[in-house]
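Respectively, the protein sequence lines represent chains A and B. Residue numbering for the first sequence follows this note's numbering, starting at 494 and increasing by one per position. Residue numbering for the second sequence follows this note's numbering, starting at 24 and increasing by one per position.
Accuracy of the hints is not assured; some may be wrong.
So, partial list: chain B residues that the calculated Cβ filter (under 10 Å) puts toward chain A [said to hold, decoys possible]: (1) Leu89; (2) Leu141; (3) Met142; (4) Trp144; (5) Tyr150; (6) Val152; (7) Val164; (8) Leu165.
The set of hints was computed from the structure by calculation and includes no laboratory data. The model shown is predicted, which means the values in this text are computed figures rather than measured ones. By construction, the Cβ of each residue, glycine as well, lies at the ideal position given by its N, Cα and C atoms.
Read off the chains here:
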Amino acid sequence: MKAATQEAQREKPRAGLPIGRLTWINVTKDLRLEWRSRDVFNSMMFFALVVVVVFSFSFEREDSRPVMGGLIWVAFLFSTTMALNQSWARELRNGVLDAYRVSPAPAEALFLGKCIGNFILVMLLECLMAPLFVVFYNLSSVGPLWQLLLVAVLGTWALVVNGTFFAAMSIRTRNRELMLPLLLLPISLPAVISMVTGTTQVLSGEGSPAVQLQFLAGFCVIFTVACFLLFDTVLNAE
Amino acid sequence: MKTKLFFAFAAFCCLFLAFGTYQGLVVAPTEETMGNVQRIFYVHVPAATVGFTLFFVNFLASIYYLWKRSLRADALAATTAEVGVVFCTVVLITGPIWARYAWGTWWSTWDMRLNTTLMLWLLYVSYLVLRRSSTAGSTSVLAASLAIFAFLDVPIVYMANRWFKTHHPPPMIGTSNLDPSMQHILFINMLAFLCFGSLICWFRYEMERTAQKIDAAHIQKAAGGAAAMMLLPAAFFATPGHIAPISYLWAGYLAAWGIYVSYLLFLMRKLAKLKKEAAELGAG
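Looking at chain A on its own, in the form it has when it is part of the complex (with noise of 0.2 Å):
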């Protein structure tokens, strides 16, 4: 059964149309239902901000940079949980992702859709989130902005791929939503450490983040390549 599951999935005839324009229309897809219904960026947009106050209150300090590394990404990585988790939620009502799985278009295009997807939703988020970051605790980068730029994109697409990859793993299983977190945290845990790494390096002015940033590089490559490889697989996983 398996192997004739297999079987198939190999002989599948590729869709018509090429993988960008499909990615292209699952985005678009993707974005059109959020900007309809907004329930994922809203939730998730407070709860950052919730998650912003507390720490605020919690941690009262003359400098706040050598902790904000930290706070930062841990907002982020909390509520990218929050939308990641509701991304795949959406596919499975109305057995969206069965037709998807029949269907021969190829899986790749699904999984970069989403994680595109995924990812303007974060850098969104991340982008509204800062000027907050910089009221509550009055902040101000003395390293180059644009070095904090670049941990933000390579970190949040470090944080994005694993995450839509691993949210698919997780609601294969019985408990759905309380899986991802645990799998998903220690995945990318040498990417939060470098991220943290970097940001409070940049933040701080505080030696240069390029040693950080060569390894966030490397481990996006490392594990968008491992996503897409092993995407399929767990997508027909019976």
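Fit chain B to the given chain A structure using the hints.
Chain B alone, transformed into the frame defined by chain A:
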């Protein structure tokens, strides 16, 4: 035949381990600066070696499973992950005991080597959790994919000592930093623990196969070290000055063996349960 071979191997392991432990505790020369506490080294390093080896076997078995969908490979992957977690627990408990004496602190927060080892442990615990909580049909495929992801982190762990600044002593096997007689004894202990690891794996693998045969995947978390870990916080509040150095050594050995023995007891209990179930179903 198989049973006889198993018991012969078990007896051999016991003798080998006893010999290795004797060598480590009595024969090995005392280290100049750390004194007797340094002897924790002979349980810490071999446990790390066995843990990493088992995670590597888990990675290979997972790839083979995704390729051929062989149930044996899946059983091997489940076995090696669980036993690997037990050995990794020993590493993570004996390490801080030694560090409390040598560095004066249990854990060094920004030490990459320590963090990455802890991360590996977390990864394989999440692997075991996934095995437990995924729906029956998809367990093996999902677990195998996660295992591949988890193993991608191992090179990072391995290279952490070389890439990042760390307090952790660098690997010393085959270098002139280590006294030849210590090297020799470490090597004996490594071999002994590798034998011990494969013995437990053999045992666990047979159980996993039985579980597969009676179509009941009883994969449970390898919380073998729970008892030892519960005892540990009691020592947290004591200052190093009030504790004789030798107690660190005993704590290290007791923790390590406590974990191994409780894991074995856990397996025995599980085996009894499986046997009962197999008898009820008339399978196995």
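Legend entry - Trp144/B as chain A interface residue, shortest Cβ-Cβ below 10 Å: The hint holds - Trp144/B has a Cβ within 10 Å of chain A, the shortest such distance being about 9 Å.
Legend entry - Residue hint Leu165/B, partner chain A, criterion CB-CB below 10 Å: OK, holds: Leu165/B within 10 Å of chain A, min 5 Å.
Legend entry - When the least beta-carbon distance from Val164/B to chain A is tested against 10 Å, hint result: Holds - the Cβ of Val164/B comes within 10 Å of chain A, reaching about 4 Å at its closest.
Legend entry - chain A contact restraint on Leu89/B - CB to CB distance below 10 Å: Holds: closest Cβ of chain A sits about 6 Å from Leu89/B, inside 10 Å.
Legend entry - Satisfaction of the Met142/B interface hint, Cβ to chain A closer than 10 Å: holds, 5 Å
Legend entry - When the least beta-carbon distance from Leu141/B to chain A is tested against 10 Å, hint result: Interface hint status for Leu141/B: holds (9 Å vs cutoff 10 Å).
Inset, instruction - Return the status of the interface hint for Val152/B: holds when the least beta-carbon distance to chain A is below 10 Å, violated otherwise. - result: Since chain A brings a Cβ to about 6 Å from Val152/B, closer than 10 Å, the hint holds.
Inset, instruction - May I ask you to test the interface hint for Tyr150/B with respect to chain A, counting a Cβ-Cβ separation under 10 Å as satisfied? - result: Nearest chain A Cβ about 9 Å off; hint holds.
When each numbered hint is compared with the structure, no violation occurs for any of them.
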